[in-house]
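So the protein sequences, as listed, match chains B and L.
So for the first sequence, the working numbering puts the first residue at 1328; every next one is plus one.
So for the second sequence, the working numbering puts the first residue at 1328; every next one is plus one.
Calculated from the structure, these hints are not laboratory results.
Even for Gly, the Cβ is constructed at its ideal location relative to N, Cα and C.
According to the in silico footprint, chain B covers these stretches of chain L (three or more CB under 8 Å from chain B):
(1) 1426–1434
(2) 1443–1453
(3) 1498–1505
Distance condition first, Cα-Cα at most 16 Å in a straight line; then the derived EDC-like pairs of lysine to aspartate or glutamate:
(4) L:K1342 / L:D1453
(5) L:K1563 / L:D1683
(6) L:K1547 / L:E1627
(7) B:K1486 / B:D1683
(8) L:K1640 / L:E1584
(9) L:K1503 / B:E1531
(10) L:K1503 / B:D1530
(11) B:K1503 / L:D1530
(12) B:K1426 / L:E1368
(13) L:K1640 / L:D1460
(14) L:K1640 / L:E1461
(15) B:K1588 / B:E1669
(16) B:K1640 / B:D1670
(17) L:K1335 / L:E1454
(18) L:K1486 / L:E1686
(19) L:K1426 / L:E1627
(20) B:K1486 / B:E1531
(21) L:K1640 / L:D1670
(22) B:K1588 / B:E1636
(23) B:K1503 / L:E1492
(24) L:K1426 / B:E1368
(25) L:K1503 / B:E1493
(26) L:K1503 / B:E1492
(27) L:K1606 / L:E1571
(28) L:K1563 / L:E1656
(29) L:K1680 / L:D1475
(30) B:K1503 / L:E1493
(31) B:K1680 / B:E1584
(32) B:K1503 / L:E1531
(33) B:K1335 / B:E1454
Simulated restraints, written as ranges between beta carbons of each label pair:
(34) B:K1486 / L:Y1363: 31 to 37 Å
(35) L:G1608 / B:D1465: 49 to 55 Å
(36) B:T1405 / L:N1329: 34 to 40 Å
(37) L:V1331 / B:P1611: 43 to 49 Å
(38) B:S1378 / L:Y1363: 42 to 48 Å
(39) L:E1454 / B:N1439: 24 to 30 Å
(40) B:E1513 / L:T1330: 32 to 38 Å
There are 2 protein chains.
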Amino acid sequence: MNTVRLEKILDKLEKQNLSQMIISDPAAIFYLTGRYIDPGERLYALYISRSGRNRIFINNLFTVPEDLGVEKVRFSDTDDSMALLCDTVEKGVPLGVDKTFPARFLIPVINNSGASDFRVSSICVDEVRACKDEEERDFMRAVSAINDKAMARFRGLIKEGVTEEELASQMLAVYKELWADGFSFEPLVGFGANCAMGHHGPDETVLKPGDTVLFDVGCKKDNYCADMTRTFFYKKVLSDKHREIYETVRQANAAAEAILKPGVPLCEVDRAARSVIEKAGYGPNFTHRLGHFIGLEVHEYGDVSSANEETAKPGNIFSIEPGIYVEGEIGVRIEDLVLITEDGCEILNSYSKDLDIVE
Amino acid sequence: MNTVRLEKILDKLEKQNLSQMIISDPAAIFYLTGRYIDPGERLYALYISRSGRNRIFINNLFTVPEDLGVEKVRFSDTDDSMALLCDTVEKGVPLGVDKTFPARFLIPVINNSGASDFRVSSICVDEVRACKDEEERDFMRAVSAINDKAMARFRGLIKEGVTEEELASQMLAVYKELWADGFSFEPLVGFGANCAMGHHGPDETVLKPGDTVLFDVGCKKDNYCADMTRTFFYKKVLSDKHREIYETVRQANAAAEAILKPGVPLCEVDRAARSVIEKAGYGPNFTHRLGHFIGLEVHEYGDVSSANEETAKPGNIFSIEPGIYVEGEIGVRIEDLVLITEDGCEILNSYSKDLDIVE
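Turn these sequences into a full structure, and let the hints guide you.
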């Protein structure tokens, strides 16, 4: 058990007048124990308490190291695992649970644990996870470096007559050759007008000269997730307008990254990019928030949007991904992951953002 | 809305003294409405009621057909969607919810809906889904036929020096060429001793003569899932023992399939296969249940195991997948999907189960 991380979570719980919580999200349990289990439908839960009586509930089907740094409660399918969990809960005081804790466990806990009140307290875990420690920063640097190398290889796959799907189907092998463990999400590959569609999945569209080629791609390594977007042009840029769109997105990306440091409100980071795009007359064509937090999961708690008045904090890692989408014509997006450091920021992706015409 | 399916679910609820339920599982909502949405963290729920006041709650971000056959309640991220849902619930009577309904929705519903009691009632949906109607049977026949064709293609990829991962990485393209929509699950590819490891993921292991080659694979088409396993030998069968193991598994598969018809207890189906393996002296090497139900999801409610005394019913579709696993040496599994018909059964996979030595 990572006691530094645990203490931070218990402190957050205390501020919400909670002394105990059941954590069931496998990513959150990994964050604390270093052990990943996909329990399927079975109970898998980490009970944490200010009293120090922490326990992890794991079905016998799953193998775990002898020493997890926390008391293990093992059970089989025929045992009443919910009774074991309910017995552990402290009676007469409120209990926090994960936002994803499912009804099949929550209803028995509500009926039988004896806690006085039940509250979703995921935020206490999420806020701690949003500030990556040194170990996590290194994992995020490493996986982003793989993603940079992969992007160069993906660019090399662009050729006459290729379809989006043919490109996408080669990506996993590239990642594996670069020692990634797999995708962090299914790659988005778009040509031309398809780039203007939100989350367009690769299809049979054939590449043609003048198309943009958008790669929104990421891999996983040691459980941490990369995420990056680059947009290339194939053979030529069809018009000054297309060139202007590309350069505007690039400037928007740069404008946001230029102001990153601890204390900057995240809505201002969004504003920095958005105002570049608005000034160029494409405000309505930037249809989404600027970015999302990332780490053990591709989308973690926290975002970079006009509505988020929270400030950037050391250890935050999020995407900066402005885009301009002109329906039926073109889409351009440029995305980096960035790390807020103690005194500024570090851009985790170094792959070039210069306008690049692939011959 | 599929009113025939809805009525069956409402009847099941009534037997549990429930007149209303919130369904949130996207597969279950698809089953009733024909519309699939992945809502991420957002509320997506179908309220059904004996009173006929059915409503579906869908965020404005998701596009849906004008006519879903059920009243739509649309909302945006800034609306209090939980209040809309709670207002709809009938007060003073119990409410059923899905087993997966997450705490972030369930706790507000418990605190604010005014229902008298809260129960997990997924079983009422699951039992109806376990009996496929004619439309679903056709989808399952079609996707299984694709899987048969794909198996022949996968066999053709077996060659000197290939790794498990190289084989697995070619499978998606094969499925797409055969007009499948994608994988129903990540393919399991194992060589030799790796076949003896439960759910071994494809790795860098290189094929060598005498290895078994196990493909546990499935595709998706029109939202329905295929699942099949075949085990080949590469170049030669190393010993009479290996041949005996293969033939035993084959006989176990045949013995189970031979007794399938409505009314047969599922535990007896498991027994039919297991006793063949036990008689051959490999009882301890068949380490799992005989099969699982399947449809819109690869693993659905219902299984074929020694513990399940339920009887087979017309429309049930499940796997028959006996296996013998000798640690460090060999693993063989042969799996078909089967459909219980009104008077017997239909084996949905026709790919040969004869011992096949690939040259």
